[in-house]
Amino acid sequence: MSRNGKLSDNELHADPGIEIHAHAGRKVRTERETRTVFEKGAPGRRAFVCPELDVPARDGLLSERFRRAEPPRLPELSEPEIVRHYVNLSKRNFDLDSGFYPLGSCTMKHNPRLHERVAALPGHARLHPLQDPARAQGALELMWNLERALSEIAGLPHVSLQPSAGSHGELAGVLLTRAYHEDRGERRTKVLTPDTAHGTNPATVTMAGLEVVKVGTNADGGVDLDDLRAKADEATACLMLTNPNTLGIFDANIEEIARIVHGVGATLYYDGANLNAVMGVTRPGDMGFDIVHFNLHKTFTQPHGGGGPGSGPIAVSDRIEPYLMVPRVVRADDGTFDLDTDRPKTIGRLRGFQGNYGTFVRSYAYIRSLGAEGLKDASQVAVLNANYLLARLRALGVADRLPLAYGKLCMHEFVLSGAPMKRELQIKTLDLAKRLLDYGFHPPTVYFPLLVDEALLVEPTETETRETLDAFAEAVAEILREAESDPEIARNAPYSTPVRRLDEAAAAKRPVIRQPV
Amino acid sequence: MSRYTAVTPADLEAMLAEIGVGSLDELFAAQVPEGVRLGRELDLPAGLPEQDVYAHLRELAERNVSVEDELSFLGGGMYDHYVPALIDMLSERSEFLTPYTPYQPEISQGGLQVMFEYQTAICELTALPVSNASVYEGPSAVAAAGYLAKLANGRPRFVVSAGLHPHSRETLRTMAHGYGAELVEVPLRDGVTDPGAWARAMDDRTGAVFFQNPNFYGAVEDAETLAAAAQDAIVVGSYDAITLGVLKPPGECGVDVAVGEGQPLGNRLDFGGPSFGWFAATEPYLRRMPGRIAGETRDVDGRRGFVLTLQTREQHIRREKATSNICTAQALNALGGVVYLTWLGRQGIVELGELLLQRTAYARDALCALDGVEPWHTQPVIREFAVRLDAPAERVVERCREQGVNPGLPIEDDGLLVAITERRTRADIDRLVEVVGAAVAAERGAVVRA
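The listed protein sequences correspond, in order, to chains P and V.
If you read the first sequence in the numbering used here, its first letter stands for residue 1, the second for the next number, and so on.
If you read the second sequence in the numbering used here, its first letter stands for residue 1001, the second for the next number, and so on.
With the rest of the complex left out, here is chain P (with noise of 0.2 Å):
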């Protein structure tokens, strides 16, 4: 709430961190300031019961020169207190299961409560890492299974599962690129991205030794050709492309860009940030990428976590096989499972262990759930869900100040460009993501992709309902009708929530990035 609505300051509560409002006439407390963990409990107070030492105490096991000489300053809660205090703490978290987040580029569907389930089942949550693979035959099985359904859907057939996220799979990609074309002599140092790539791709260049540069789009949203033929050349290593991009348009040239790219002796790299776009439609494989990766916290639902877990296997041709990182999953011919390092030409570990199970286990009870029917279903819903709320923002006259940067229809997500919105009624497109938290709904990706002036990136998902697309349809709607009359209305939002709007530029420029104990 504004401060309008605060009483005087001797009906505050004596504690500082309370203050008292009135709200609907009567008076309720909130908490003021937040507090961190390191600023509640109090010395001596404890939640872990050590278990006792039931082996002949020794002195001397750890000389001073290596001991620690104060302990660290950790917090010191009762359990009841760390508990109260988390719960608080998650309640000023806005969530995918209490509302509407189409958050573009991020695929934020529905995380079915099955996986968690399965995923905890001692089997799987409780097994070690290293454990004898002629022990581990379960998880073996289901790895295997999952990259044979992975390889099925991107129409490529050897699958890694290693990565954590997009961007490892990413750097996995390039990184493999790479040793493809050393293994035949050739030192290509060009990864062309197009200018409406996720920030991931170029970091990911350069992070691999390679060098970015950058390729125009066309007037449809697509790859400009003849910028692409005048880049593209023998120092190319990969052309890294999202398909659907991240305007939500399918390149309709994307044979043509294969052929080019192809022609020059580079390979082709599918972000698959998009992939919810065209399952069981068209297969990034069948396309003529090379290297595909997924992202299973996206169109495998794999829950978000506030940031993590991700997971980002990927999907090559045979061509690109022989450098897979290790371990690989192998499968004898009499049924069992093994992992198999003894592999020459790989370019190594990318990380310890198997990569994220955890994700592998939830990813794969959702295919084994939708199957091949489901899956293509969830995709054409999606798409179907995302024109639906285009055409209903056009049909409420959003269209004028909010107008679809490029083509008519879209695939799974579309990008508006608030240009418009912002000459005409002073209110920018952060003003109108922030005005949607009053409205309850998590506002789409602002200001991405960067070639669309004050860009909006929708993606509604195909878990919503029609009646959740109306009315996020209607609260745009409304916002620019409210802006129309006060734009102060939306520049100053948000006012229901925890907190308003925060002071970032303070923030980095005098960074207080711990609790000072």
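Simulated from the structure, these hints should not be mistaken for lab results.
What you were told as hints is all true, and nothing was included just to trick you.
Here are some chain P residues the structure puts well away from chain V; computed CB gaps all over 10 Å:
#1 R187
#2 N218
#3 D224
#4 D233
#5 R328
#6 A332
#7 G335
#8 R343
#9 P344
#10 K345
#11 P420
#12 R423
#13 Q426
#14 D453
#15 A477
#16 R481
Pairwise CB distance ranges (calculated):
#17 V:P1045 to P:N492: 49 to 57 Å
#18 V:T1425 to P:E211: 55 to 63 Å
#19 V:P1045 to P:A57: 54 to 62 Å
#20 V:R1037 to P:V264: 21 to 29 Å
#21 V:S1094 to P:A57: 40 to 48 Å
#22 V:P1156 to P:D226: 37 to 45 Å
We put the beta carbon where it would ideally sit given N, CA and C, even for glycine.
Fit chain V to the supplied structure of chain P, relying on the hints for placement.
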């Protein structure tokens, strides 16, 4: 329609009419060129009802031997520490489980404050002033530290102790090949990094040095000596955070960047992941850190709040000049980490460390009192140690398993790496000693008879 979508035939008709197309096929045909359309159904098994999926996943789980099914002393990077129930409860809450990365801070204060508290806990544990909000896991955190060094001083050579976990060394090698650094490995002497060889390995092309503490063989390294010998190279220490209640923290030993596998801190084994990697550093490296960092600030009404900060380091802003390509990290697992450290508390982490120290010493002495078992090294150990067997390790392990005991990880041909967590009691350790003793004796007998 699948079970997670909601479009009825009536909805479909109305929605297509609103869009202005006749069918779903038309919607796709207008956008996806015919030449790349699949034209058949995916060759995957048909979908299953929830109860059938559960039964299938349970059947797969039952074909794994978990740490509940045997008396396990497996370690080597992940450990069967007790995970308190409140972590399950909190990590399953929708509000923590289902949001995305907190791009809208006003409605993400819970997650952002958890990150801030997590960073504080890591800083306190390591005695270093700066922590990020998590990276993927241990070995890739080591490699990420290498990339930080590469960006910071650009030197092409890394000196690496042979005591660094093999997966960390392999991951570092893979990534260093990408960004153009070579690895020079320094061997161990009596279980720890050979100080003479380590000092001799340094030169003016050395950008960073890497060691692990306690190292892969369980031995406590002399971190101060190793760090001092590194001259002006960046000192990277990979630490086991659960030992830091008793072990001198990296920030007091001259370590510039400390990283580690977070699994021992309240995370499940999960056959290797997801867990989290932690990443802490000295102040000069703040703006070179990979990944998300939460920072404290105020809102327009003066209320305390938290935001993702120093984002100009990151890929979505800086693109090809970013300090890392990381986007999604391990926020939910890091939540488990900070809740675990809060649950242990200031005294608990020391008590737990002392218990591990005592039980591990007891186990090591008891095993090494057996005929045919010797210490791999004589260095101090905290939660894990290696022994040398006068018998093939794989065969000994095989025999022990037949008795329901998984005695540890076979290393090289005749070594065994044994982990002792607080879940392994004296009775469990006595059982281990009995079973290993019998197995070694049987194997030696088998050799004599042959």
